[in-house]
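The whole structure should be built from the sequences, with the hints applied where relevant.
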Amino acid sequence: MLTLSGRVISKSATLSGGNEAKLYSLSTNANLPNPLREKRAFLIKQSGPVPLGYLHYFVLPGTNPTELVQENSTYLGAEFSYFGDGDVVSLSPDGRIRSIFRADSNHNSILLTEQCNNFCLMCSQPPKRIDDSWLLKEAFEAIKLIPRETKELGFTGGEPTVYGADFIKLLHHSKSWLPHTSLHVLSNGRSFAEESYAKAYADVEHHDLMVGIPIYSADPSIHDYVVQAKGAFDETVRGVLNLKRHRQRVEIRVVIHKQTCDGLPELANFIARNLLFVDQVALMGLEHIGFARANIDTLWVDPIEYKDQLSEAVRILTSYGIHAAVYNHPLCLVNADVQNAYVKSISDWKNEFAKECEPCRRKHECGGFFSSGIRNGYSQSITPFL
Amino acid sequence: MSKFSPLAEYEPQAGQYELLPFKFEPLGDGDVVLTNFVGEFAFVTRGELQDTVSKKLKPGSSTYGLLRSRHFIREQGDAASIELLGLKTRTKYSKLRNFTNLHIFVVTLRCDHSCQYCQVSRQSENKAAFDMAADMADKGLEIVFRSPNPAIKIEFQGGEPLLNFDLIKHIVLQAKKINATQSRDLQFVITTTLSMVTDEILSFCKEHKIYLSSSLDGPEDLHNKNRPRPGRDSYGRFVDGLRRTRDVLGYDAVSALMTTSPASLTRVKEIIDEYLKHGFDGIFLRHLSPYGFAIKTKSYAAYNVDRWLDFYREGLDYVIELNKQGVRFTEQFAALLLTKMLTSNDPGFVDLMNPSGAGIAAVVFNYDGDVYASDESRMLREMGDTTFKLGNLATSTYEDIFTNEALLNALEDSFTLSAPMCSDCAFENWCGTDPVFHHAMHGDVLGRKPESEFCKRIMGVVRLLLERMKNDPKAKEIFMVWANRC
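In order, the protein sequence lines correspond to chains A and B. Following our numbering, the numbering of the first sequence begins with 1 at its first residue and continues without gaps. Following our numbering, the numbering of the second sequence begins with 1 at its first residue and continues without gaps.
A hint or two may mislead.
[Stated by the list, open to error] Keeping only pairs whose Cα atoms sit at most 27 Å apart, straight-line, the calculated DSS-like set for lysine-lysine is: (1) Lys474(B) <-> Lys307(A); (2) Lys92(B) <-> Lys244(A); (3) Lys474(B) <-> Lys258(A); (4) Lys128(A) <-> Lys3(B); (5) Lys324(B) <-> Lys474(B); (6) Lys137(A) <-> Lys169(A).
[Stated by the list, open to error] For the chain B half of the interface with chain A, some residues (derived, Cβ under 10 Å), not all of them: (7) Ser5; (8) Pro6; (9) Glu9; (10) Tyr10; (11) Gly65; (12) Glu75; (13) Ala79; (14) Trp482.
[As the list claims (entries may be wrong)] If the Cβ cut is set under 8 Å, some of the chain A residues that face chain B in the computed set are: (15) Leu32; (16) Leu121; (17) Ala218; (18) Asp219; (19) Asp224; (20) Tyr225; (21) Gly231; (22) Val237; (23) Arg238; (24) Arg273; (25) Asn274; (26) Arg315; (27) Ile316; (28) Ser319; (29) Gly321.
Worth flagging that the hints you see were computed from the coordinates, not collected in a lab. Glycine included, C-beta positions come from ideal geometry on N, C-alpha and C.
The following block contains the structure:
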């Protein structure tokens with residue numbers, strides 16, 4: 001588990017001037033040509049002479065940099081020693097540092113807002129009714145600093161489309177600054193029920209853009225209950241239709257828990273009959289974080305108990321030629337017949353194994369657990385492959 | 001107080017829903033199947049049907065959720081269900097706008113076989129009398145390329161079309177020449193017994209990517225009995241031709257169709273085993289066509305639809321069993337119906353289309369230049385009935401042919417959504433209309449449904465498929481795979 005944000009040990013006083021966080025692109029290359037140095041911050045990972053001319057210096061513990069200009073440097077704790085070349089970090093005047101982008105990860109997502117018009121029982125990022133548009137502003141900045149060879153970048157929330165036209169601007173901005181980067185957006189899809197919004201989204205003409213939209217049940221009442229918003233199912237489905245009408249790539253994301261597991265096969269039927277043209281259906285395990293912890297009695301079901309419904313859903317989707325993907329499930333809790341759909345998927349910084357898993361010989365194939373699951377409870381049916 | 005609301009808060013008010021259009025049909029076991037016009041269906045009890053229509057269905061019950069998600073009922077504010085019904089309707093009928101895809105050239109009526117059930121073939125050395133002439137074929141191609149369809153399939157039939165292979169070559173080369181500037185998705189198929197297939201023919205077929213559609217009626221004795229030819233070696237020639245064709249054209253470039261004769265009726269498993277033995281991944285268990293010699297020889301009267309349905313049921317169950325044992329094998333007639341039952345696609349099978357596929361999905365150019373609305377129409381002609389003759393290539397224009405009253409009336413008068421009994425039938429959305437058959441049997445393109453063997457056959461097969469899906473979840477999964485193969 002990586003610590004994505006925290007406080008610095010000390011920082012130079014000159015930074016405290018403004019009240020907005022500043023973004024830095026980190027470099028560990030001491031031989032960077034001078035014209036590039038003034039745009040990058042140097043990350044000091046080892047002792048020795050410090051190269052001159054960088055915008056800023058971040059110092060990791062255990063190093064003893066010489067000739068460091070103190071007013072231009074920030075000292076970090078050991079929890080940030082994973083920072084590396086190409087990373088983007090945000091440093092706020094009050095000494096808070098956050099990792100925005102990690103160059104050696106394939107799972108980078110930028111949180112755009114914590115506001116949402118759904119209020120999902122299992123939300124891992126509980127929505128807040130506050131103006132956090134500074135996050136969007138920061139995203140615009142970050143995109144300029146992220147390495148242009150980045151393969152994939154996610155936008156998440158909250159609900160990114162609460163920004164309306166500004167979110168579309170962000171997509172245009174990403175297309176301009178990261179022309180070769182695939183984008184993946186997580187949205188509840190409701191905004192796209194407005195066809196003009198779907199059209200504006202399509203008009204970005206991004207070369208590789210996918211939106212992941214949750215549908216939790218074929219029964220509108222159950223979906224609406226899970227997302228705690230009446231009429232959400234209807235808007236979401238119409239949103240998906242509008243996006244596909246404009247030839248956008250859409251992934252349906254289903255979080256499986258006690259309220260949704262029995263309806264999985266019928267949901268698969270619904271998708272096959274009505275939304276055959278979606279690009280992928282992701283069937284995902286529950287993450288024990290956020291609201292899921294508060295609602296754990298309503299939500300928790302041992303995945304071993306719904307393994308047959310999961311298999312049936314995968315078989316239905318696959319029969320119809322729909323790409324099904326099973327995420328966030330330990331390998332020993334699913335039937336062997338879903339293996340073609342099984343994805344080792346949990347973001348690396350969230351993935352861990354339970355102690356029961358130690359002797360397992362298939363750990364390298366396993367999706368493992370959310371770190372939150374290890375902390376907050378997981379299936380008692382974990383059985384290592386020996 | 002929790003900041004989360006319970007499920008009941010999101011359930012509809014009792015009795016507030018409205019009914020979307022649906023039809024229903026009782027099943028043998030006391031339950032009822034509901035169907036809607038995009039082909040979705042749901043099994044409910046009689047009581048649930050009563051509750052549904054009298055708006056007593058309980059919100060929160062599984063039936064309520066099922067009927068709402070399958071678009072049989074709708075809450076106020078449900079806009080997506082209407083949008084989806086519209087979308088699926090457009091998808092279902094989307095092939096109509098492409099108009100004619102299949103163009104059949106009867107290049108000769110001559111044949112080396114003298115099958116008892118054959119409608120049209122001739123044992124004759126007289127080429128001039130029964131072969132299509134090259135100039136007639138050229139006129140046919142002019143009509144073919146008037147079709148607005150981006151995909152064009154040209155099928156060569158006979159007789160034995162390989163007896164006039166020179167004309168096939170001419171048509172293929174000519175069609176490709178025309179297509180050089182038209183860029184249609186152009187496919188060729190020869191319907192042949194494979195008895196006359198030579199290396200020269202195969203190499204031409206390979207060069208021009210021509211598929212072969214052949215015939216296999218069952219085990220050797222049955223096949224040879226059904227398909228007499230000098231030397232009584234039809235089966236041997238088929239087996240040899242199949243091997244050589246697969247060698248040259250590729251494994252999947254040759255298919256086989258079976259014809260059901262009275263002698264087949266007790267032997268469905270043997271017939272299916274024969275298909276397995278030759279490495280086919282499916283079989284089309286066909287009914288016996290009533291046309292031509294089949295009627296004359298009383299073969300058709302020799303068994304009725306009920307007997308055929310028994311044969312079909314036994315065969316289907318055997319094929320389901322094979323799949324359960326891990327063999328991927330399809331019963332293709334079921335697959336066509338299942339595509340309509342389980343997806344929004346229409347496989348475009350001529351016998352299962354509404355409006356009828358006659359003329360608009362397929363058109364036949366007979367050896368003498370006469371144009372017919374379907375293969376069956378030209379068979380009817382061999383019985384002396386030219387009702388569905390749409391013109392002649394020598395004298396008729398494209399417009400003459402496709403606006404011919406004989407065609408337009410047949411299409412309009414047989415349209416199932418306005419046909420008595422069809423329009424009320426719960427299986428109408430999966431069925432089709434067959435004006436040529438009903439004309440042949442009842443003297444009227446609409447036909448008399450209570451007496452219609454077509455109706456009885458399709459309804460029988462649909463009931464069988466529904467029963468299997470209702471009672472055997474494994475069979476339903478197998479069917480889903482078939483439905484998506486078409």
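Consistency of the hints with the structure:
1. Lys474(B) <-> Lys307(A): 17 Å, holds
2. Lys92(B) <-> Lys244(A): Measuring from Cα to Cα gives roughly 18 Å; hence the hint holds.
3. Lys474(B) <-> Lys258(A): 25 Å, holds
4. Lys128(A) <-> Lys3(B): Within the cut-off at roughly 13 Å; holds.
5. Lys324(B) <-> Lys474(B): 8 Å, holds
6. Lys137(A) <-> Lys169(A): This hinted pair holds, its Cα atoms lying about 11 Å apart.
7. Ser5: 6 Å, holds
8. Pro6: 8 Å, holds
9. Glu9: Constraint on Glu9(B) satisfied, holds at 7 Å.
10. Tyr10: Cβ of Tyr10(B) sits 4 Å from chain A, so the hint holds.
11. Gly65: Holds. Min distance 3 Å.
12. Glu75: 7 Å, holds
13. Ala79: 6 Å, holds
14. Trp482: 9 Å, holds
15. Leu32: At 51 Å from the nearest chain B Cβ, Leu32(A) fails the 8 Å test, so the hint is violated.
16. Leu121: For Leu121(A), the interface hint holds, since the closest Cβ of chain B sits about 6 Å away, which is under 8 Å.
17. Ala218: 4 Å, holds
18. Asp219: With a minimum Cβ separation of about 3 Å from chain B (threshold 8 Å), the hint on Asp219(A) holds.
19. Asp224: OK, holds: Asp224(A) within 8 Å of chain B, min 4 Å.
20. Tyr225: 4 Å, holds
21. Gly231: 6 Å, holds
22. Val237: The hint holds - Val237(A) has a Cβ within 8 Å of chain B, the shortest such distance being about 4 Å.
23. Arg238: Cβ of Arg238(A) sits 5 Å from chain B, so the hint holds.
24. Arg273: Hint on Arg273(A): holds, closest Cβ of chain B at ~6 Å, below 8 Å.
25. Asn274: 5 Å, holds
26. Arg315: 6 Å, holds
27. Ile316: 6 Å, holds
28. Ser319: 4 Å, holds
29. Gly321: 6 Å, holds
The structure does not agree with numbered hint 15 stated previously, though it agrees with all others.
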